[in-house]
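Trainee: What follows is each chain in one-letter form.
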Amino acid sequence: MRSIHSGSTRRRAAFAALATSAALVLSACGGGAATEGGGGTEGGSGSDGEQTITFIPKQLNNPYTDVVLGGGEDGATEAGFVSSEVVGPLDASASSQVSFINAETQRGTNVIVIAANDPDAVGPALEEARTAGAKIVAFDSDTNPDYRDLFVSQVNAKDVALIQLELISEQIGGEGEIAILSATANATNQNEWIKFMEEELAANPDYANIELVAKVYGDDDDTKSFQEAQGLLQAYPDLKGIISPTTVGIAATARYLSTSEYKGKVALTGLGLPNEMRPFVKDGTVSEFALWDPAQLGYVAAFAGKALADGSITGEVGDSFEAGELGEREVGEGGIVLVGPPTVFNAENIDDYDF
Amino acid sequence: MSLDRTVGAAPAHPTPGHSRPSALASFLRLRELPVILALVILVAVTAALNPLFLSEQGIKDLLLNATILMILAVGQTLVIITRNIDLSVGSILGLVAFGTGSIFVAAPNLPIIAVFVLGMLFGAVLGALNGLLITIAKVPALVITLGTLYIFRGINNAWAGGTQYFAGDRPEAFGNLSVDTILGFPVITLIAVVVVAIVAVYMLGTRPGRDLYAIGSDPDAARLFGIPVTRRVLLAFVVNGLLAGLAGVLYASRFNSVGATTGSGLELDVVAAAVVGGVAIFGGSGTVVGATIGALLLTTITSALTALRVDKFWQQAIVGILILAAVVIDRIASVRSARKLRIAEARNV
Amino acid sequence: MSDPSRSRTAVDPEQGPTEKPVRGKRMAAPGTRTSEEKSTRRPAAGKADTTKVLAVPKGRTGAARVLLGRDAIMIYVLVVVVLYASIAIPRFASPVTVGFLLLDVIPTLLIALPMTLVIISGEIDLSVASIAGLTSALMGVLWQGGMPIALVLVICVLAGLVAGAFNGVLIAYLGLPSLAVTIGTLALFRGLALVVIGDNAVANFPPGLTSFFTSKIGGTGIPTVMIGVVVLIIAFAVVLHFTPFGRGLFALGYSREAATFVGIDVARSKFVLYLATGTVSALAGIYWTLRYSSARSDNASGLELAVIAAVLLGGVSIFGGKGSIPGVLAGVLLIGTINYALKLDRVSEVVLIIVTGSLLILSVVAPNIAAAVQRARHARQVRAAPLP
Amino acid sequence: MTHFDGGSEATDPTAPERASVLSLRGALKTFGPVVALADGTIDLAAGEIHALVGENGAGKSTLVKILAGVHQPDAGEFLVAGRAVSFRNVADSKAAGISVIYQEPTLFPDLTVAENIFIGRQPKGRFGLISRLEMRRRAKELFDQLGVPIDPDRVAEGLSIADQQIIEIAKAISLDARVLVMDEPTAALSGVEVERLFAVARRLRDAGSGILFISHRFDEVFGLCDRITVMRDGTYIATHETDATSVEAIVREMVGRDIDALFPKTETQAGEVVLRVRGLTRPGVFHDIDFEVRAGEIVALSGLVGAGRTEVARAVFGIDRYESGTVEMSGRPLRHRDPRAAIDAGIGFVPEDRRKQGLVMDLSVERNTALTLRHSLARFGVISARAERAAAETWGRRLQVKAGSPEHAVSTLSGGNQQKVVLAKWLATDPKLLIVDEPTRGIDVGTKAEVHRLLSELAGRGIAILMISSELPEVLGMADRVLVMREGRITGHLDRSEATAETVMHAATASLESSR
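Residue numbers (this note's numbering), protein chains in the order written: chain G, 134 to 488; chain P, -8 to 340; chain E, 2 to 389; chain F, 114 to 629.
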């Protein structure tokens, strides 16, 4: 750098300025790596006791994800991983997770735990990671089953769907128009629940008078969900209730309802975080909603990853492993591990939960 | 020669003195006319098909939806009129919105008005940063604000991390600003209207306001003329930041959560609103009122399509067509006036 | 964004730096192109004594020009960054890196090529990512509809061509400002992608094809598709730097009027450029779809700003007239390298965003600061020297 | 078209001691290593029109910019109305009562005419806000005073240069300017417009303003001005009472040497018809244009600015469209609106605006020169840098282009050398017909003669030349035939023997005079 800088022409000076800055920026980043990245350097071997785990959520900086990852970190420590990392994109687009998977593959991470934004887009990258020796655990949102060893599911998809239907039916008195405000149109888990809801609505005579008039997508974006909720109420004046099987969607919809004339007139239920929903339960906008404990999801996924990495299970149906304080878990049909039943929150019990 | 807007382009002799245009004629010449018409037609058609569209709640929602974009479009208009652009407004809004959430958590008893002032100051500082980089380093605004778009967003992410503040974290009175109405108008919309009015009067009726038009019309001439170009452009950016800050505070009032990604991707909507509202993308002409109506039109379309149960997938395409239409209409108008001029001059020679 | 009346009055040694007002509207990208900026160009050395009749062949040609020019800065920065990353970041220096890194940057790289030409000619195209998205959506729907894949690919490229032509007609032939037009088509094409495929995602593309798009050439780690990309890079570099058409683009970017007078068909040149951005964006869309084996309406969204950032970082002037393919290549790879290095180091993407933004600002501010320093030094020398 | 009666022609040049309104002595201005002004000296009296003449690069523009407050002098004494001043910026200069009207006026295209006059000092009404009504009223008043019918409400975009200058003058009047500086105001004006401008200038003079008039046209300088100050190489040479000097004396002082042959046109034998134009029409711009140009012949296209001369040339070259008529090169019809075809058919076009049209100012000398050759230099579609340089150097040498290096941007060259680059790039195409539009506008006397010699030589070599010029002496001196245009029509067709100042001017203006 010095010799270049001593040059006298303008363009050299400009170059020097750029090069210096680039180097500075990088050394800053490198500095960060030196302190925390040490584990990664030796973590690649994959041999006994030196195993590493990395969580790749749908996107960083999402409150629900943070709770899940909190459980994951705990689980990873308890399960005995030497290092556990969280990396991920800032936007939940289909392709944005791929280069993170690539980087982890190259680092030789033993277990990759992923909540897929798109079941197929991450496929080829996960294949490569497996070829390189990594074990893949999907959690929260499944990938195409071909690309992972296990899927740690919140709960039985059908149970989640049914409980939400029960709640809404109760709240609207068993008849009237309802709508669904979901996350992204491609979200694997939401789509599965919606499918079960539709089937149940058609089959169960108890729900014969309930009509599902619309499905809209708020893309797990606060503003968009808010406006979708608003549009629903305008387009369907007779709407009696809304199911929002996503934490962002239900909170945004609750916010809209609580600030509009529809408050108390249109029922709302779905899956929400107690901390986010507390004011809306208290002010009467929402009477009951459901969710499982997200922390358990991460916790179990970490133990599943450990069992896979140790070779104690392979992901076959019937395999079972110890998941710390949550006890033994068994791999079910389709390589799915269930975490636990959903909890229903209402004004009475909501203050007992803090997540 | 299609883009030739040189003043001296016409090989012309003096044009005959036109008589004072009538009020009607000058109304018909308004740059904002097409967008006003489009808005009126849209609302009329939608209301005819779905009366709920113009119910009390419907109007309230329409106005609330447009409020934030309106304020941003006003600020953006100031900047565009000086032949600049600010792509970082979405990021500024996000930072201020999250800042607002943080303030309420840190100091729950702070008067709401103080939070507004702080938020706007914060925005103004960020705007000033843009303005200073552009005017002092003399670098194109497009590049600088593309850079600060990333940087501000990065800072927002670093600051917020996974933290989000929810409506429940803020005083009810603050949230009620976007619930309560006065004469059917939501409070925050009234705030926006006051802002639009103040800025509109400033742009139309004060010397610094007119200077902004002169600068956008021809920056070099403006400098040669003794207009303090640097100071005025800086002012435009500061005001834009201030308004983005205001929008950020209002965002926190209206929506449920503020966090790391609040307001991302808004910048193109804002520029689109200004363009649809008849603000020339290369400065010198256009009004804040036009931009405001542009913002109202864009948000109304979204609501209207939903209310009409039109396939929501068409929404974005229609917004695109609108923008193109605005640009084409503007072009046709200027071609027509140029032709009229040429004919007048040909006769006059 | 170009304008006939836009000629930059620079320094006329006989008159001193002319700050003669340039009349009319310069349709430069929004930005303050000020007279100060113009005068950053060095005043010509004293006239009578140093100027001479052109006679002795002097100056550089060919490779020397590339390696010593302003565009070379980014190449050196890239080299420094790669060296630094190889030393500081474990595992960075490996063929695996090359593979993953290149797979990541290919879409940006592809679109940056025609974008460079467009910006040099004084225009801009913000709709590229939307065209890629539209192509991806179309591809999904057609494939799902049972069309043979070869035909699907052909139709997709044609769709890109048509989208480009649409931009081209509005900008080149109707003379509308490209910034406004492509903001419009950015929304329009993305909207059409939604109309075409809606919420669906199509994933079941032929496995042979998708695996081809992530396959590598032997042990080099270089993705097989890079062969095609390199061919395109060479093609664009030759077109820009060594053909009459390319020469015309530089002239066009500086002064549309002057370009017309030497027989450059301004409208047609611009039209061709937009055809190129459309087509290449379609290729990027196809690549995106097959690499991620997922056709969705939101594919590649937001890519336009990343591409433009990379192109500007590569030394292309937003006002047109300046820039080179090697510089842009370096710009794209620089961002890609930093990006991947940070990921490999598990540094948060937050840092990446801030670094990208800072580099972009620095790349335009630094030359101006350097010029200011230069001027100040000159002024000192002049004051010190006795006047004639 | 309003026509002034010439104002008072009878000024008394021998009037005793006029009060000095502005006095600049020994002003120095440097830009980096370049000394733009070594000794800027001017003394302007109230009630006089004072000419400032000098070759390009003599420092006139720098001096004007010092007066305008754009540049600050490094040294020197500057008095306005007897008081020492030091302007920090344009506003200071304006406040001191100095108004500068540039060759191309600096109006804001998007603002209305009235606002252009009053920008920065708009009259205020209620609540301290701008009163548009008042502004319009005052603007109207100014135009009435000047006797011009300009609509104060229209936007400035699209106004003719002449109207723009009138607006600048209106601005100066409204500012009560004591000093009016006009930097080559007539360069783009037609005869009638010039007369109107002069009438206004004389009126202002009679009202007691001091007017500094900068021009290259001696007929104007001698017809209008009371005193003449000559500059050369950034240095003050002398000031003369107009009546006591002559064109030859002034030119000698400007150049520092005698110029023998300004227009060295040699007789040539006209050959085959090269260009034939028939019935060329674009309604409202030009009508039924018929003419031809033969090999070895210089045909001047004369007339007032705005008569449609440039428009015809642009249409012939394919830049602009035309509605009907034909253009033939060497007997072959030329495609409409296709400059490439025109170039391929052997036409070269040296446009009137060197900076905007003739050159790409930021591009290097060699790239500019090779721009016309880009297709012929390419082998298999690829241009070799070596061939490009060779071509550029050949022609640069032939035309004696003075440049630091072929890689330097043309913007670093002097005006005259820039014009040579423009000529070089067209000569490099080996044209059969060269269209030159105002070939010597804004270049110094020395280079001007060089250009004239070159044109004459080219004609001698059998190239057909179509020359557009507003300078009557140039037209009369150079042309074998003169075509005069008026209102978009050819109204005069004069041979060299018939062409005199009177016959040309008559053809150019006849109906304008009679139709009123």
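Please keep in mind that the hints were generated in silico from the structure rather than gathered at the bench.
It cannot be assumed that every hint is accurate.
[Claimed, not checked] As a list, the in silico SDA-like pairs of lysine to any residue whose alpha-carbon atoms are at most 20 Å apart:
#1 Lys373(G) x Pro475(G)
#2 Lys396(G) x Lys303(P)
#3 Lys303(P) x Asp352(G)
#4 Lys396(G) x Asn324(G)
#5 Lys328(G) x Pro222(G)
#6 Lys398(G) x Val170(P)
#7 Lys357(G) x Lys303(P)
#8 Lys357(G) x Ala318(G)
#9 Lys303(P) x Pro338(G)
#10 Lys415(G) x Tyr193(P)
#11 Lys396(G) x Tyr193(P)
#12 Lys373(G) x Ser46(P)
#13 Lys323(E) x Lys237(F)
#14 Lys396(G) x Lys51(P)
#15 Lys237(F) x Tyr193(P)
#16 Lys291(G) x Lys357(G)
Model, not experiment: these values are computed from the prediction.
Trainee: Now tell me if each hint is right for this structure.
Mentor: Each hint tested on the structure:
no.: 1; hint: Lys373(G) x Pro475(G); in the structure: 24 Å, violated
no.: 2; hint: Lys396(G) x Lys303(P); in the structure: 25 Å, violated
no.: 3; hint: Lys303(P) x Asp352(G); in the structure: 13 Å, holds
no.: 4; hint: Lys396(G) x Asn324(G); in the structure: 27 Å, violated
no.: 5; hint: Lys328(G) x Pro222(G); in the structure: 28 Å, violated
no.: 6; hint: Lys398(G) x Val170(P); in the structure: 17 Å, holds
no.: 7; hint: Lys357(G) x Lys303(P); in the structure: 12 Å, holds
no.: 8; hint: Lys357(G) x Ala318(G); in the structure: 13 Å, holds
no.: 9; hint: Lys303(P) x Pro338(G); in the structure: 32 Å, violated
no.: 10; hint: Lys415(G) x Tyr193(P); in the structure: 46 Å, violated
no.: 11; hint: Lys396(G) x Tyr193(P); in the structure: 41 Å, violated
no.: 12; hint: Lys373(G) x Ser46(P); in the structure: 18 Å, holds
no.: 13; hint: Lys323(E) x Lys237(F); in the structure: 46 Å, violated
no.: 14; hint: Lys396(G) x Lys51(P); in the structure: 15 Å, holds
no.: 15; hint: Lys237(F) x Tyr193(P); in the structure: 13 Å, holds
no.: 16; hint: Lys291(G) x Lys357(G); in the structure: 27 Å, violated
Hint compliance for this structure: hints 1, 2, 4, 5, 9, 10, 11, 13 and 16 are broken, all remaining hints hold.
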